Every structure is written in structure tokens, then in C-alpha cells.
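Just so you know, the protein sequences line up as chains A and B, in that order.
Mind the numbering: the first sequence is residues 1 to 405 in this note's numbering, read in order.
Mind the numbering: the second sequence is residues 406 to 537 in this note's numbering, read in order.
Rather than coming from a laboratory, the hints here were simulated on the basis of the structure.
In this text, all values refer to a predicted model and were calculated from it rather than measured experimentally.
Quick reminder that beta carbons are idealized off the backbone N, C-alpha and C, glycines included.
Be a bit skeptical, because a hint or two may be false.
To be verified - BS3-like cross-link-like pairs, simulated, lysine-lysine; straight-line CA separation at most 27 angstroms: (1) A:398 x B:427; (2) A:30 x A:58; (3) B:411 x B:528; (4) B:426 x A:380; (5) B:411 x A:373; (6) A:219 x A:117; (7) A:380 x B:427; (8) A:398 x B:519; (9) B:482 x B:493; (10) B:427 x A:392.
What the hints assert, rightly or not - Looking from chain B toward chain A, a few residues come up when the C-beta cut is under 8 angstroms (computed): (11) 432; (12) 436; (13) 440; (14) 445; (15) 447; (16) 463; (17) 467; (18) 468.
Stated by the list, open to error - Chain B residues, not near chain A, derived (Cβ > 10 angstroms throughout): (19) 456; (20) 458; (21) 492; (22) 530.
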Amino acid sequence: MKLPIFLDNHSTTPMDPRVLETMLPYFVEKFGNAASRNHAFGWAAEEAVENARKQIAKLIKADPKEIVFTSGATESDNLAIKGVLEMYREKGDHIITSSTEHRAVLDTVKVLEGKGKATASYLPVDKFGMVSPEDVRNAITEKTILISVMLANNEIGTINPVKEIGKIAKEKGILFHCDATQGVGKIPVDVQDMGIDLMSFSAHKMYGPKGVGALYVRKKNPRVRIVAQMDGGGHERGMRSGTLPVPLIVGFGKACELCEQEMAKDTVRLIAMRDRLEASIMKALEESYLNGHPTNRLPGNLNISFAYVEGESLLMGMKDIALSSGSACTSATLEPSYVLRALGVGTELAHSSIRFGLGRFNTDDEIDYTIKKVIEIVTKLREMSPLYEMAKEGVDLKSVQWAAH
Amino acid sequence: MAYSDKVVDHFNNPRNMGSFKKDEEGVGTGMVGAPECGDVMKLQIKVQNDTIVDAKFKTFGCGSAIASSSLATEWLKGKTIEEAQKIKNTDIVQELNLPPVKIHCSVLAEDAIKAALADYQKKADGTLTNAK
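Based on the provided sequences and hints, a complete structural model is requested.
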């Protein structure tokens, strides 16, 4: 086993070596511009791009013509939301989204609101982090033109009832955008069955390269139109100008193909490892709390709060394991995770959370090591924690008059 | 963000971690911070003849908060009450090489020192009054 161990697969994933292999010829040998229509270099590039488009479309049950390449999911989210809002401005300006969306969605909506270009409803989530389809229905007004709800959450892994939301959107004739960055490649996605009109996803979350993503844009029932946010050569059917990064796209395609072939196998392995990690930790450490949905969540996700210890110190004590925390101290804002807060997790427990993100390349040995380390460091830091001491003495921490700073 | 070697050292080998009984003679206790803010420090001093003969801490917080309070206990030992009053958060920042986002940890440590000293003073005054 090699240290450090990477258990932060929600932030990014290592590229699958098979993906790299397919990309390599497209840097030096087959370097053509896919938009060059008049020579063999261009044709080779175009062929590679169209092949990748097919592989990507197949994974999400779309038509290849419905795939628009972007630089990643952040750009896809921006393009979908801003593009729809500009295109359908005359119909209305109201967007429905949820409070646990990724910042790429939330900040895009907030910026539009700030500029007076949109009005928005931010739906709450239940204690597991799930959006209620009924809430979506009730939030719809005459002015609603877009519903944007994520497939699976990046912190807690909770999977939303996207199909039900898609059904409501269709019934009301409102477009449905889904940020599926964490879900595509990990769980089955079918844009037809789920009634999704626009969908953002990215290669580097599924063992592909960084710097490329896609926006699925439905072509029929209904034909979705968006205003381009990047002007230029009119690439990608006029929706996103810019020379296509052929090697990245080839890698993206291969990554999708591999996910499709290995999803079933990966899922079984990941769930077994994740459940073992969860059970071993929870059994050994009292007052550890699972954040997110107990069952309906991404196979590789585990988010736990360890009462009385702070997240960043936990990470510091496990320097040879790459993890992430909802603690404020790891962010620039000094506010703990807004996702955990939205589930109703108390601020102090949000500060105490650790996100484990398992992926295709993690091994059982790594999980054993992690279990041992987590138990060791939580125990050590609790010994050091005045809060743990007080709790053991029977002091109700909620009754203490703290001097907030 | 990378931690300085000194922060890592204090974090891995905390000095004077533990507790005194609050009602023990000569003990002053300072508890500052709030769980919602992500850091709480408990700092205790044991005073004999106006000199701090021992100090202990327990901290809930990030590595820099733990290191700041650990360092504070090291510095407090052997100091008189008057000398201890002069410990500044900036001294801690300098010693531990804290980055700007972690300065609040040093401020909290200074607050904890002040709170422990004040608590000791209050208890000492109380004892004097009782004696009279």
C-alpha cells in the first residue's frame, strides 16, 4: 500500500490509465483542429471527437447531437442557466433551485438575481438532504422558466428524486436543468427516463481528464434553445464557440465508455468498502453521526460528524489520507458547510464533519488503514477537547453561555 | 495550506494537555470561544506566591488553535502574574508563523490567558475577603 491515500474522489478522480492511453496520439501525432474541414488532420480530429460524443451520449442515453462540449461542469451550469434565462426572457424570469446545489449553480443564480435579471426560489431539503418534488411543484409560478436541481450532492452524496421532478417540469412545460456532475458515471443516468432537458457533467469526476465537460441540451420534446455565453466561431452548433480540446474530449469519451462497462462492478466494490468503513468507524466511536441519506446516496460517499472534535484538526492528524471537511477552517469564508447547515446539522457538528470519497482505485488495505487512523485520531483529539470533557462530566453544552467571537 | 513545523510539532506533541480541578487552590481557569465558531479553548494556571508554577490546556479547534494554546501553556510556566499579562497574540503569531487566516487562533489564546488570570485574581480576592 502506498501513502498518501486518496479518499477525496468527490473533488476529483485520478485518471484511468486506459483513458490516458487513448488520449496520447491526439497531442503530437493527430493534433488537428476538429473544425478544419479541408484536410486529413482536421478529419482525423473530427472523427475522434464524434466518436467520443457517441460514447458520452450512450452513457446518459442521449443522442450524440445533444452533447455540447465545455470546459467543465461549472461552465455547463453557467451556460445552461444564463443561456435559458436569456433565451426565454419573454416567458418569465423565475428559477427554482435548491439550497444544497453546488456553488456553480447557486452563485450563477445569485448573480443573475443581483443584476435584476432573474428571481429565484431556493428550496429547502429534508434532513437527509433531499429535495421534495412537491416543494418544486408548489414553488412554480407563471413566471417560472427553469428548474435546476442536482442529481447527487457533492458533500453528502444524497441522490435527489430527479425523475419525479422531471415529470412535474414536463407537466408544467418548464425546462429542467440537472447538475449531474457527481452522478454521471457512478449511477445509471437516463435523460429520457428522468425527463431532463439540460444536464451538466464533467470528465475529471469520472476518471477522465480535467478541463473538459459537457452540457446535454435536449433536441426534441421539447427542443431546448439557449443563448451562447461564448461568442466566436460558432462551434458546437452555435452554443459554445472555441476550438475543441480534442485529446481531452477523446479521454472524456473513453472515461464514459469505461464507466458504462464497469459501473456495476465498481458499485458493488465501492458499496462494500464504504459500508465497512462506515460500520467500523461508527461502532468504535460513540457520538459519530452520518450526514446525508442512509441508503439513497452515491456508492463512494461517506460523510460523518465526530462530536467534540474539529474537522481541520482531524485532517491534520491524518496527513497521509487525503480527505475533506465541512469545517470552516478549511474554507476561506470561515463559515462551515452550507450543505450540512441546510440539512439542519448544527454548526458545531458541521465543523466536525469529514467527507470520505471512495473511488475506483481504492483498495481494501487502504480502507483498513483509514479505519485505524480515524479511530486513533478522533480518540486522541477528544482527549484534548474541553467539550468532550464537559460532556463526560454531564454538562449540557447547549446550556453553556458561550462567548462567540 | 501548509502548516509551519512548529504548529505541526505542537499539534503532534501537545505540551501540558490536561486539566486541573477548577476549585483547587491557586487555580485559575479561562474558557473562551464557542463551539459554533469551531474553536473553544480552556486554559488553566496554577499559581503559588504570585508565580505560575503549572499550566494546562484543552482545545477544540483546528491545528493552529491547538498549537497556540499549547505554546501559551509553555510560556506561562514560571512567569509571574504581571509577566503573564504581557503575553500578546502577536508573539504567538510570530513564534508559530501563523498565516493571516489563523490569527484569530492566537487572539483566542491571548483571551484564554487573560480569562485564566482574571479567574485566578477573582478567586484570590475572594479568599482574601473571606479571610478578613
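Going through the hints against the structure:
{"no.": "1", "hint": "A:398 x B:427", "verdict": "holds (21 angstroms)"}
{"no.": "2", "hint": "A:30 x A:58", "verdict": "holds (25 angstroms)"}
{"no.": "3", "hint": "B:411 x B:528", "verdict": "violated (34 angstroms)"}
{"no.": "4", "hint": "B:426 x A:380", "verdict": "holds (21 angstroms)"}
{"no.": "5", "hint": "B:411 x A:373", "verdict": "holds (22 angstroms)"}
{"no.": "6", "hint": "A:219 x A:117", "verdict": "holds (26 angstroms)"}
{"no.": "7", "hint": "A:380 x B:427", "verdict": "holds (23 angstroms)"}
{"no.": "8", "hint": "A:398 x B:519", "verdict": "holds (24 angstroms)"}
{"no.": "9", "hint": "B:482 x B:493", "verdict": "holds (15 angstroms)"}
{"no.": "10", "hint": "B:427 x A:392", "verdict": "holds (16 angstroms)"}
{"no.": "11", "hint": "432", "verdict": "violated (15 angstroms)"}
{"no.": "12", "hint": "436", "verdict": "holds (7 angstroms)"}
{"no.": "13", "hint": "440", "verdict": "holds (4 angstroms)"}
{"no.": "14", "hint": "445", "verdict": "holds (6 angstroms)"}
{"no.": "15", "hint": "447", "verdict": "holds (4 angstroms)"}
{"no.": "16", "hint": "463", "verdict": "holds (4 angstroms)"}
{"no.": "17", "hint": "467", "verdict": "holds (4 angstroms)"}
{"no.": "18", "hint": "468", "verdict": "holds (4 angstroms)"}
{"no.": "19", "hint": "456", "verdict": "holds (25 angstroms)"}
{"no.": "20", "hint": "458", "verdict": "holds (22 angstroms)"}
{"no.": "21", "hint": "492", "verdict": "holds (18 angstroms)"}
{"no.": "22", "hint": "530", "verdict": "holds (22 angstroms)"}
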